[in-house]
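Participant: Protein chains in written order, with our numbering: chain A, 5 to 403; chain B, 5 to 403; chain C, 5 to 403.
Source of the hints: derived by calculation from the structure; they are not laboratory data.
The list treats identical chains as one, so a pair stands whether inside a single copy or across any two.
With a cut-off of at most 25 angstroms between alpha-carbon atoms, the simulated SDA-like pairs for lysine to any residue come out as follows:
#	residue 1	residue 2
1	Lys266	Ala289
2	Lys391	Glu157
3	Lys58	Arg329
4	Lys56	His334
5	Lys58	Gly84
6	Lys325	Leu258
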Amino acid sequence: WLKISANEGNFSAELGGRIHFDTYLFDSDIEDPISTTEFRRVRLAVTGHLWKWKYKLERDFSSSGTSGLRDVYIATEVLGGKLTIGNFKPYRSMEELTSSNEITMMERSFTSASGIYFDRSRQQGIGWHTHWGCYTFGAAGFNLRNPGAPRNEGLGAAGRITWAPINDQISTVHLGISASHENANRNSNPIEADVAYAGRRGPTQLTALTPGGRDFFFDIVNDNGDQLFFFGNQGGKADIAGLEFAATYGPVYLQSEYAYGKFDGDYYLSEVVFEDFYGIPPTFACDPDNGCFIGDQDVKTWYIMGSWMITGEHKPYDSAKGVFRSAKPHSDWGAWELTARYETIENKDIPDLEADSFRLGVNVYLNPRVRFMLNIVLGDDEFTGDKTRQLAFRARASW
Amino acid sequence: WLKISANEGNFSAELGGRIHFDTYLFDSDIEDPISTTEFRRVRLAVTGHLWKWKYKLERDFSSSGTSGLRDVYIATEVLGGKLTIGNFKPYRSMEELTSSNEITMMERSFTSASGIYFDRSRQQGIGWHTHWGCYTFGAAGFNLRNPGAPRNEGLGAAGRITWAPINDQISTVHLGISASHENANRNSNPIEADVAYAGRRGPTQLTALTPGGRDFFFDIVNDNGDQLFFFGNQGGKADIAGLEFAATYGPVYLQSEYAYGKFDGDYYLSEVVFEDFYGIPPTFACDPDNGCFIGDQDVKTWYIMGSWMITGEHKPYDSAKGVFRSAKPHSDWGAWELTARYETIENKDIPDLEADSFRLGVNVYLNPRVRFMLNIVLGDDEFTGDKTRQLAFRARASW
Amino acid sequence: WLKISANEGNFSAELGGRIHFDTYLFDSDIEDPISTTEFRRVRLAVTGHLWKWKYKLERDFSSSGTSGLRDVYIATEVLGGKLTIGNFKPYRSMEELTSSNEITMMERSFTSASGIYFDRSRQQGIGWHTHWGCYTFGAAGFNLRNPGAPRNEGLGAAGRITWAPINDQISTVHLGISASHENANRNSNPIEADVAYAGRRGPTQLTALTPGGRDFFFDIVNDNGDQLFFFGNQGGKADIAGLEFAATYGPVYLQSEYAYGKFDGDYYLSEVVFEDFYGIPPTFACDPDNGCFIGDQDVKTWYIMGSWMITGEHKPYDSAKGVFRSAKPHSDWGAWELTARYETIENKDIPDLEADSFRLGVNVYLNPRVRFMLNIVLGDDEFTGDKTRQLAFRARASW
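Extracted from the complex, chain A is given alone in its bound form (with noise of 0.2 angstroms):
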């Protein structure tokens, strides 16, 4: 972030960006994506203040249209806390809550808006955060919409608290709890739980829906005479908990996430649909004149992670929002560290929906803001079968 300050003081802009550039080979199984290279971000933000607010504007460039809004919002200190107001990620999980600047893997864990909280990173509303010695606290409301989702009445809450009981030069620990509802109405997306359990750009695993509020009811016939059919209740809920625990000592850190979660359910399929969605017919037994019921989903998903720099470094905490940052090199050959993650989520209520994913890594920090990333993911999608792995490597530069 470059400084750009205006005379009087009172107001002022900073002109930050990002560069990760990936490059994803497979390893296919049942599954056959495609390698290729990405822009997994490119993003440009202008943030200042204005007198006593502070605004921050954050487009990404490998997102087409308003799809590619990241923080936008105007934010001002109000009781002793930041009053934030546009667009922001709820205060839900850590790892989601964890900068892409800053993440230890190159991908999010199953835990975050990569899993049960799919593709709802960022919600429009108002959100009020505060922290006061070793805590934290975090709450919004929020229309269930993101820039690129369209317009609709769902509503959102989320909350979270986050102890940090030890917090010293070498080592931190710190326990966290967060909780959401989210409650889909007129012309909501479907809320999702949904894993890209291979990598980014791999093979993906739907593992719970709550139909929304869409056009996402018909009852058709294609053209090979297979029933197409989605009857049931609009609208439907989410509700999801989640604990945090992550410790330093030193070089070394770990980190776990759990999170439990209940989607609404309610409505029936017919078997070519069930597959269309869920890779595989069904694995339960459907109604020949109804289809297949899905009730009330619940989500269970967790992952444990850790790492090692093995020249020394030392992660720091940032105890204003409860969340590590990555180390910066201490000298100018760099730092190394080696990382690995299991991760794992699961439908209990849908016979052996299950998908597991392991990652092994190397980061490369080649000074405070360009990183080099090395990712070997093992897939293991236990509902379809598919062991789809992949190698992934991503250049990063952010400013």
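Use these hints to put chains B and C onto chain A, whose structure you have.
Facilitator: Same frame as chain A, but now just chains B and C:
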């Protein structure tokens, strides 16, 4: 605007932007629009000079693709005026020429690109604007194209003269007159008057339509057996004249405009197409063979708007541009303003085709760059009978 | 470029941009394109360094979505050269490698991405470029992907060597040679040579096509009963070699390139598809059963371009990149330049498939950053017989 200057002084760049974040809540009637949050504007702009030339490049990230381009031009001084080449607003309608950071209500009135100049705010072409004493004059010639519209051979011209017979610290009286000529040609979009009478993202009423030059002519039968056709001369012209009156006296402000337009017609619609376009079946007799004839259409629209700065501030007059700016708060507690507007638009050649709108509002100026706005909009579409109402809120920052 | 620097000197940002605003007027022949105004380029770019790494992020707002990404890369010095990772131009064709702010005519010649390298200007990959004495050398390996193209497994490589045996204040002689290899694979776009022989937004003549790896193979009958088919081997390679010659002597400039390419074929088109692709029915005998066979295609293209700075300025040579820059005006009155170019492209394996273009132009350099350009383009498509002509005007600013 934060100034970045190179050493030589021969060129400069300034970085500006704006965030307008809205919430719309509808009280539905016949129409039932979706309540939602929405980014109304998310803009970044760079402006500066290159020796004797100025440039401006502005992009609105709340619009997709090339339609997000706003002011994009180069300009220099020629014959005592500013010569502009590129994409900018032709000189017509005071309300249209007032920046969205300075308008009194959340949306502009029916005499602007939110009504009689529907979707024709900025156009690509060349303009010249000057001011002397209490007068301003501007004229522009342009292709009927904003950057989101297709390539086309339509041409237009517009001019505006303003006079401020009184303009001192306490009181200003402004008078203005403008004229616009638009001539659709190969591949031009239709030229329309169209109004969102119950606020943005609420129901709209098409008020006049000149076909333009795109593939707008069809004769098919739909699945219900309805005849769908639209026959007639391609192209067509729209000529619009406007009158402006505005005055301040201390904290009180009054603004009014009247516009009269002639939209070329001479085409036939089937009854089903008429209803699809205008919302209800034809209000006049249609020929059983040829359908509903739409000839030349005279459109009349006007509004009257008033505001009172409760905290005593005064709206300054920009005598170089012939528009008013919004007030700056005197105290750290901000400024408060009460606002009201009545507006109406009527097509005199289609019986009963009229829509009205009444708005009441409060503006809170937290500081010179951050404002909250609240508008209550009482819509009244006399054509369809719909009386949808809207409560709208905006959080606004610009820098 | 305006420099913004942080205190430490370890990182910096500079903000640049360009506006190219065009008007195209066509004198139609067989083809009848639409005359229009158009933003040719509307770019913002941020560039800077982060310790020993450079970054560049450039977005063109005249293109929609991710296809608007231009130079987006990080770079550092390795082995005495510049190592680049991201999206950038592979090292091939002098005209292609000359910035759009510096080219002599409004559009580049047929030896560039406006012809034999159609739509393959920038690619995602890794490159290395160096210069020593009067030599430059660059090589790049890349995925066949620009950010607007689909994810695909195509690969390419390109290299270029230049030599400037003479390079002093008054005169320069430049010689260059480049080679490019592109190998389409799963999901690659077709590799094409395609030219707009009568200027931008005018008619185009497809000159060669290698199928690539997308769903390009069909066998259907259209509503008119015509057989539409395109069968053959997916994938395919294109190998292109180029020669460069350029020289200045005071205000006079001469530039010429020759390129020869081999585009893999081995596919069959129905006659209707041939005409749809190439504009006219096949000029060779097609098999009544199998259709028109397109084998490997040899493509030859060259151009010769000259210019004279009437006001005496001299085009400087960028000996680090092996390209020429445009002249800067000596006086406050600006600089004037007369320009001319003849160019031709030919597919030697489809009888008569040749298109030529002749351009005459005037450039007026108002100051070092603002320029007006006028081009008259005389198109000559020898294949279809079309001789459409264009008058084109550009207002151009860069900073």
